[in-house]
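K.L.:
Sequence:
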Amino acid sequence: MTDEPEDAEIITKDSNGAVLQNGDSVTLIKDLKVKGTSVTLKRGTVAKNIR
Numbered sequence: 001m002t003d004e005p006e007d008a009e010i011i012t013k014d015s016n017g018a019v020l021q022n023g024d025s026v027t028l029i030k031d032l033k034v035k036g037t038s039v040t041l042k043r044g045t046v047a048k049n050i051r
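Heads up: the sequence shown at position 47 corresponds to 47 in our numbering, and the numbers run straight through without jumps.
It is possible that part of the hints are untrue.
Claimed, not checked - Calculated lysine-lysine pairs in the BS3-like style (CA-CA distance at most 25 Å, straight line):
hint, residue 1, residue 2
1, K13, K30
2, K13, K33
3, K13, K48
4, K35, K13
5, K48, K35
6, K30, K42
7, K42, K13
8, K48, K33
9, K30, K48
For the record, the hints were derived by calculation from the structure and aren't laboratory data.
Given these sequences and hints, build the entire structure.
P.N.:
And the structure:
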């Protein structure tokens with residue numbers, strides 16, 4: 001058993017330490033390989049309305 005409660009919320013932060021919320025837009029600072037495909041998202045790509 002783990003000591004963490006089951007309803008613990010995962011806090012996601014950007015490269016500057018700002019907490020990200022649902023609906024935010026982010027710009028990639030490194031190339032990102034997408035799992036399961038041959039697609040690579042390039043640096044500078046904007047991801048809108050993240051969840």
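K.L.:
Hey, K48 versus K33, does the alpha-carbon distance stay inside 25 Å?
P.N.:
holds (18 Å)
K.L.:
Compare the distance between the alpha carbons of K35 and K13 with 25 Å, and conclude whether the hinted pair is satisfied.
P.N.:
This hinted pair holds, its Cα atoms lying about 21 Å apart.
K.L.:
Run the distance test for K13 versus K30: straight-line Cα separation, threshold 25 Å.
P.N.:
Judged against 25 Å, a Cα distance of about 16 Å means the pair holds.
K.L.:
With the threshold set at 25 Å, check whether the alpha-carbon distance from K42 to K13 stays at or below it.
P.N.:
Holds, at roughly 20 Å.
K.L.:
Are the Cα atoms of K13 and K33 separated by 25 Å or less?
P.N.:
holds (20 Å)
K.L.:
Does the structure keep K13 and K48 at a Cα separation of 25 Å or less?
P.N.:
With Cα atoms ~16 Å apart, K13 and K48 stay inside 25 Å; holds.
K.L.:
Given the hinted pair K30 and K48, is their alpha-carbon gap at most 25 Å?
P.N.:
Holds, because 16 Å separates the two Cα atoms, which is no more than 25 Å.
K.L.:
Need the status of pair K48, K35: alpha-carbon distance at most 25 Å?
P.N.:
holds (19 Å)
K.L.:
If you draw a straight line from the CA of K30 to the CA of K42, is it 25 Å or shorter?
P.N.:
Distance of about 7 Å is within 25 Å: holds.
Figure legend: structure checked against the earlier numbered hints; every hint is met.
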